[in-house]
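Here is how the chains run, residue by residue.
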Amino acid sequence: MTPLIEKPLTKNMRPDGSVVDRKAYEQAGGYQAVRKVVQHGMTSNAVTDAVKDANLRGRGGAGFPTAKKWSFVPLGKDAPSPTYLICNADEMEPGTFKDRLLLERDPHQLIEGMIISGFAIEADVAYIFLRGEYVLAAERLLRAIAEAYDAHYLGKNILGSDYSLELHLHLSGGRYMCGEETGLLNALEGKRANPRSKPPFPPVVGLFGKPTVVNNVETLCCVPHIINHGAAWFRALGRTQDAGTKLFGASGKVKRPGLWELPMGTTIREILEEHAGGMRDGVTFRGLLPGGASTDFVTKEHLDTPMDYSAMATIGSRMGTGTMIVLDDQTCPVGMTWNLMHFFAQESCGWCTPCWSGLGWVERILKSMEEGQGKPGDLDKLTSQANMWGPGATFCALAPGAAEPLHSALKCFRDDFERHIREKRCPWR
Amino acid sequence: MATVYVDGQSYQMNADENLLHGCLSAGLNLPYFCWHPALGSVGACRQCAVTQFKDEHDTHGKLVMACMTPAAEGTRIAIQDPETVAFRAAIIEGLMLNHPHDCPVCDEGGECHLQDMTVMTGHDYRRYEFDKRTFHNQNLGPLVNHEMNRCIQCYRCVRYYRDYAGGRDLNAFALRNTVFFGRQADGVLENEFSGNLVEVCPTGVFTDKTLKRHYTRKWDQQFAPSICGQCGLGCNTDVGEHAGTVRRILNRYNHDVNGYFLCDRGRFGYEFTNSPHRIREPLLKGQMVSADKARRHLRDLLASGTAIGIGSPRASLESNFALRTLVGPNRFYSGMSDTDAKLVALMIDVLRHGPMRTPTLHEVEACDAVLVLGEDVTNVAPRLALALRQSVRQQPIEIAKTLKIPLWMDHGVRDAIQDKKGPLYIATPYATRLDEIATATFHAAPDDIARLGFAVAHALDPQAPSLGDVPLASEIARALKHAKKPLVIAGPSCYSEAIIQAAANVAMAVGAQLMVTAPECNTMGTSLMGANPLSAAFQAVKDGNADTLIILENDLYRRAPRADVDALLNATAHVIVLDHLVNSMSGKAELVLPAGTFAESDGTYISSEGRAQRFFQVFVPSSDIQASWRWLTQPSWHSLDDVLAAMATALPQLARAREAAPSATFRMAGAKVPRSSHRASGRTAVLANINVSEPKPPDDPDSPLSFSMEGASNHPPGALIPFMWSPGWNSIQATNTYQKEIGGPLRGGDPGVRMVEPSPSNGQSYFSGIPSVFEPREGEWLLVPMYYIFGSDELSCSAPGIAELATTPHVAVNAGDLMDGEEVEVRCADGMFRLPVRIRTDLPRGMAGLPAGVLPLAGCGLPAWSTIVRIT
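Note that the protein sequences, when read in sequence, are chains A and B. Anchor point for the first sequence: position 172 equals 172 in our numbering, and the numbering is continuous, going up by one each time. Anchor point for the second sequence: position 164 equals 164 in our numbering, and the numbering is continuous, going up by one each time.
The hints are simulated quantities; they were obtained by calculation from the structure and are not laboratory data. Treat each hint with caution, since some may be false.
Claimed, not checked - Only pairs whose alpha carbons sit at most 25 Å apart, straight line, appear in this in silico DMTMM-like list of lysine to aspartate or glutamate: (1) B:K132 to A:D380; (2) A:K367 to A:D415; (3) A:K198 to B:E804; (4) A:K381 to B:D81; (5) B:K209 to B:E804.
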């Protein structure tokens with residue numbers, strides 16, 4: 001295999017950070033997959049089958065099989081109309097910056113992915129729901145969308161085929177909850193970004209009550225490559241049972257914080273030590289959140305775990321977005337947990353009690369511990385609140401996501417928490 | 001039905017409902033907040049958590065929300081599982097973190113759903129040690145009080161106000177644990193049903209501001225079941241009193257009628273009973289006299305002269321009947337203007353002949369295509385407007401049914417149907433509040449509204465009389481034809497017989513139900529009783545055939561032009577007025593008798609549905625106020641039952657009114673139904689420093705209710721529920737325990753007797769009196785009545801809260817060369833008025849509006865041609 005094929009998602013990207021425009025994208029083989037789909041008689045089912053064979057799983061963090069999500073959309077003449085495809089580009093997970101790269105550097109890759117995915121679900125209208133702060137991405141996407149319309153990749157009768165797709169860019173008002181699949185739909189409808197009750201699921205009742213699929217940026221970017229190179233090729237990219245490549249990242253006191261496209265199943269150690277260059281001199285590794293704020297802390301005994309959906313589950317964590325936040329010995333784990341809980345408490349939509357109430361309380365307790373006001377019994381309160389965020393207890397996944405770092409911090413760094421209470425101060429301050 | 005196992009016991013539950021609904025219906029205590037029987041499930045509060053087991057072998061189970069889980073056959077759950085018991089208690093702890101625990105100074109205290117649920121979960125110790133968040137409390141106007149710090153974020157207020165009642169100015173703002181439920185800025189809540197927030201809110205965020213002004217705890221109020229007297233719909237209420245003043249109105253659930261909700265006029269209009277303008281003692285020539293002296297004087301006048309009586313559509317059947325008996329049927333006159341009487345008689349006639357019947361308010365909610373002819377529903381029959389807001393959801397809900405979304409899954413259904421509305425066509429002289437949800441509207445003169453109706457009928461059935469092409473008619477006909485349950489609404493509001501006839505034609509042509517409005521609480525009852533026309537009373541006095549005139553609870557200045565009424569009163573030697581409030585009539589009467597309102601008397605009204613319903617005396621006034629029928633009593637009458645029996649004999653068509661409620665002899669387990677809660681405190685304590693002996697409670701010969709806290713402790717039948725209460729359920733949510741199934745009929749049936757049903761054999765033929773097209777006149781305006789929920793009703797305008805919101809005299813015109821606010825002179829046949837102009841661009845050309853029921857305009861015969869002259 002050529003190196004080019006090993007990193008399909010980032011292969012076009014320029015070292016100077018400039019955007020790949022349509023011409024450059026086409027020269028690199030771009031939009032061939034669209035041609036293959038709309039001009040060469042592929043059926044929507046055939047596209048879905050290819051993605052299914054490729055074992056593409058959602059890169060937003062949950063890892064739901066993409067083709068399975070698509071398969072719930074009613075197809076054919078009698079299906080409700082319009083059908084919507086939405087690209088979830090509301091990247092707000094703390095420590096996560098992978099979609100930004102794809103959006104800013106190679107927007108046509110995403111657009112091509114959306115056209116093909118739209119074709120698969122017979123979508124009439126597509127939206128890119130973009131994090132409002134991604135101003136550069138917005139500029140580049142707008143230009144790219146215009147270029148795609150000019151070249152007839154978008155709009156009525158794409159490339160002279162029967163398939164039509166309108167694509168709009170929507171800038172988010174800016175809430176973490178807007179990135180939750182159904183909160184996003186409400187936000188796009190102009191409503192509060194509260195999550196929706198399921199069932200009905202979005203492929204049946206989605207945007208404006210119509211069938212809708214919401215896919216992550218990275219997920220959609222994989223699709224053209226699956227069409228171009230085949231399912232078997234895509235599966236083979238992964239080192240473990242999970243297919244494809246993945247954008248992995250690292251932040252924290254590592255030597256080279258960054259983002260790398262690597263085979264699915266690359267071990268944590270490899271990412272941390274080879275790609276991120278290990279810990280900065282003078283600091284020691286204590287743990288990391290493997291894929292954003294809503295994943296469990298992983299400590300050194302698990303560093304050889306492959307980053308994929310199933311292996312990470314076996315060690316009681318999740319791959320999440322695959323962009324890790326590294327904790328070192330010079331940083332207070334209680335302070336870090338407080339920071340995380342502060343984020344989740346701020347971003348709770350205020351819908352279900354365990355979330356809006358419990359997060360606010362947890363955040364206050366952690367703050368008081370950091371300020372030397374911790375009390376015996378605080379850890380029990382924290383644990384009891386984290387237990388209120390279990391499966392079925394909350395309305396959506398926000399609070400269960402917060403439970404992951406909280407539970408695991410209490411487990412991995414219990415001594416540090418106790419020291420805060422015992423010494424009535426933060427030992428790191 | 002489905003068999004559901006709860007803690008090992010099997011229960012039969014409605015398979016189309018959720019587990020919370022099923023558990024509550026089965027009488028199981030499962031706490032909840034965000035769910036409401038009229039609003040469905042949204043899963044926000046997480047309070048109704050239970051453990052669900054896969055099968056009988058599953059011992060672990062998983063946590064689910066009962067409100068979000070279908071009551072499917074074979075479902076196994078545990079309410080008592082220790083883990084979920086702890087979870088539910090922890091939810092209360094969470095809800096309470098920011099709750100101020102100000103129960104002792106909170107108006108909700110003692111009837112607070114949050115208190116009840118807290119006790120139910122067993123949570124009693126709060127571990128939270130930090131500051132609580134605080135909010136700005138808004139001034140939401142004179143009716144509803146706002147105290148946001150108590151909020152537990154259950155979202156019921158906005159779901160009720162916005163999703164159910166169609167309000168727009170209340171919303172959820174901000175997020176996390178600081179969601180603010182209020183308006184964008186301080187100001188009067190715009191929705192006409194805002195008062196229901198008081199009952200929908202599970203705690204003390206939204207409370208009754210009128211109660212606040214004379215606050216008393218629920219357990220210290222004396223209650224009686226009542227019927228709202230402030231429009232013709234007959235909503236069921238409970239009235240609370242303390243120390244001789246009415247303190248508030250609560251909704252009394254009647255599945256057929258008002259369900260869970262009242263309008264603001266009905267809920268807050270009661271304060272006229274406490275008005276300083278109340279007539280509390282008999283007045284003879286302006287001097288206060290004893291009741292005995294007043295009675296003697298009345299007797300003497302009746303013995304010496306020739307008396308005639310004028311009844312009232314806002315007085316009970318019993319009071320009207322007592323007057324009729326006293327003066328004799330031939331000398332008893334209708335309390336309605338001749339026009340009103342004729343229109344109401346026509347409506348009853350149409351409904352009697354059928355085949356269309358009038359639906360209950362509850363049935364209106366299930367109608368899936370509606371045509372409104374001539375009625376400003378929100379301002380004339382407010383609660384009906386709330387029902388229509390549910391009707392327009394019926395057709396879109398089919399989408400949810402197709403998608404197999406359970407209908408109780410409120411947000412799922414709303415996500416699926418979005419803003420879609422079913423057919424609702426409104427033809428009125430001016431824009432109405434419901435126009436915002438209408439498929440199409442038609443603003444035109446009454447004759448043109450009638451023409452539209454006739455045209456729709458013809459489009460539906462070629463046998464119906466035809467007229468030329470009328471826009472919209474075929475579209476409306478199509479919508480009604482394709483509906484499963486079409487409905488036509490009409491009434492006397494435009495003073496047009498043709499509109500009622502056109503509505504009847506449409507209903508006949510398509511097999512629709514016909515809902516009529518009635519302007520007052522006993523309009524239908526007095527019409528069914530029958531009486532000589534009001535004009536004949538005027539004539540009798542003029543002709544010298546009467547020297548004594550008894551006027552029952554009726555301000556004739558609202559029925560006839562001022563000059564005519566003045567002449568009538570001047571020409572009558574002896575005028576006797578029975579009424580509640582001082583008015584122009586009482587000022588001119590020789591004898592004024594203090595008539596009991598719904599709060600101080602018993603009686604029966606017949607609603608616009610034709611439903612006879614009983615209201616009961618709430619308290620014994622310390623003054624001489626008593627029911628009009630008692631002032632006008634016969635020697636052989638000793639109680640309400642005697643009056644009803646006499647009425648049944650004299651007026652067989654009203655005989656069934658007796659069945660509106662159990663008679664005074666009714667007992668439960670040998671005891672009467674207590675008007676006060678068994679927690680009524682201070683009955684002896686208030687004067688304990690002087691005397692601890694307890695006076696005997698007053699007798700009540702008229703009803704099976706006692707003026708006491710003693711009596712039957714189990715649930716009385718629907719007509720006799722003084723207040724909703726069950727062990728552990730102190731708030732209005734106790735309503736659950738009075739129903740056979742949550743949201744369904746009351747146990748023992750819903751109260752009221754339908755008096756007007758279509759005759760099965762005697763169908764009627766189409767009306768053919770099609771009016772001609774309205775022609776505007778040069779230099780003249782056709783004056784039509786414009787209705788106001790606050791302002792058009794007589795008595796509620798003496799309630800301070802309502803008075804603050806009430807409209808004032810004005811003339812509404814469509815631009816022309818007149819300016820908003822400028823003074824003009826309006827001249828019509830019945831008088832000349834100086835009025836400020838209000839520009840209403842929705843009025844059709846050539847028409848102007850006068851606010852209905854607003855003095856001094858109320859006696860004007862409308863519609864009437866007028867000139868409007870600028871005052872220079």
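Checked hints:
no.	hint	result
1	B:K132 to A:D380	holds, 21 Å
2	A:K367 to A:D415	holds, 17 Å
3	A:K198 to B:E804	violated, 45 Å
4	A:K381 to B:D81	holds, 22 Å
5	B:K209 to B:E804	holds, 13 Å
Violation of the numbered hints given earlier is confined to hint 3; every other hint is satisfied by the structure.
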